[in-house]
Amino acid sequence: DAGVIQSPRHEVTEMGQEVTLRCKPISGHDYLFWYRQTMMRGLELLIYFNNNVPIDDSGMPEDRFSAKMPNASFSTLKIQPSEPRDSAVYFCASSFLHLPTSSYNEQFFGPGTRLTVL
Amino acid sequence: QKEVEQDPGPLSVPEGAIVSLNCTYSNSAFQYFMWYRQYSRKGPELLMYTYSSGNKEDGRFTAQVDKSSKYISLFIRDSQPSDSATYLCAMTSYNAGNMLTFGGGTRLMVKP
Chain A
1 DAGVIQSPRH EVTEMGQEVT LRCKPISGHD YLFWYRQTMM RGLELLIYFN NNVPIDDSGM
61 PEDRFSAKMP NASFSTLKIQ PSEPRDSAVY FCASSFLHLP TSSYNEQFFG PGTRLTVL
Chain B
1 QKEVEQDPGP LSVPEGAIVS LNCTYSNSAF QYFMWYRQYS RKGPELLMYT YSSGNKEDGR
61 FTAQVDKSSK YISLFIRDSQ PSDSATYLCA MTSYNAGNML TFGGGTRLMV KP
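Each protein sequence line maps, in turn, to chains A and B. Once you know that position 35 of the first sequence is 35 in my numbering, the rest is easy, because the numbers rise by one and skip nothing. Once you know that position 55 of the second sequence is 55 in my numbering, the rest is easy, because the numbers rise by one and skip nothing.
The set of hints was computed from the structure by calculation and includes no laboratory data. Where a beta carbon is used, it is the ideal one built from N, C-alpha and C, also for glycine. Errors might be hidden in some of the hints.
To be verified - Facing chain B, a subset of chain A residues (Cβ under 8 Å, in silico):
| no. | residue |
| --- | --- |
| 1 | 12 |
| 2 | 15 |
| 3 | 31 |
| 4 | 42 |
| 5 | 45 |
| 6 | 48 |
| 7 | 52 |
| 8 | 56 |
| 9 | 70 |
| 10 | 74 |
| 11 | 105 |
| 12 | 107 |
| 13 | 109 |
| 14 | 112 |
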């Protein structure tokens with residue numbers, strides 16, 4: 001398996017522009033997570049999906065951020081309009097719940113998208 | 001105060017040293033404890049996973065959980081330059097829907 005795939009790997013844009021980050025989870029995984037990592041705030045969960053349905057978006061910083069998962073193999077995170085404080089590395093991760101009741105299941109991370117907003 | 005606290009480092013040690021990395025947390029509902037390793041410009045990868053209190057050993061790595069103190073540790077024996085990375089603790093509770101709460105990460109540098 002190729003693992004979690006993210007694109008683009010690097011994005012440089014100007015303030016006010018729309019940015020779209022893309023993620024392809026591992027085939028068969030039913031959870032998908034979007035994280036943001038910065039030096040100041042560490043790794044923050046933005047939103048996660050289960051079976052393509054958004055479950056918790058309380059980490060989304062504001063209305064400029066939106067995420068979709070139209071099918072089991074694709075998700076997008078969109079920032080519109082972008083601001084310099086959005087500069088960070090954005091990670092997508094996926095996992096598979098093995099049991100009907102919860103136990104821990106490993107999250108597999110993609111390589112990240114490094115976003116710079118000028 | 002953050003839910004999970006971790007000293008950011010950097011921690012610099014000579015090759016062969018024993019390394020101790022630690023996290024403290026405030027949520028007593030946490031039952032599953034993980035250590036992720038993140039190399040520069042890469043995504044985090046699961047290193048070790050422990051359920052509830054106790055120790056777990058895997059090669060040169062030992063994870064310890066003390067739920068009474070809300071304190072977890074990762075020990076690395078005979079540290080190698082290839083261990084140089086950022087180590088993130090993470091934890092979650094029963095029925096948390098696979099959501100993880102991460103510490104800020106400790107940057108480790110092992111010098112040859």
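Outcome of the hint check:
1. 12: 16 Å, violated
2. 15: 24 Å, violated
3. 31: 5 Å, holds
4. 42: Result: holds, 4 Å to nearest chain B Cβ.
5. 45: The hint holds - residue 45 of chain A has a Cβ within 8 Å of chain B, the shortest such distance being about 7 Å.
6. 48: 7 Å, holds
7. 52: 15 Å, violated
8. 56: 7 Å, holds
9. 70: 21 Å, violated
10. 74: 18 Å, violated
11. 105: With a minimum Cβ separation of about 6 Å from chain B (threshold 8 Å), the hint on residue 105 of chain A holds.
12. 107: 6 Å, holds
13. 109: 3 Å, holds
14. 112: 6 Å, holds
Hint compliance for this structure: hints 1, 2, 7, 9, 10 are broken, all remaining hints hold.
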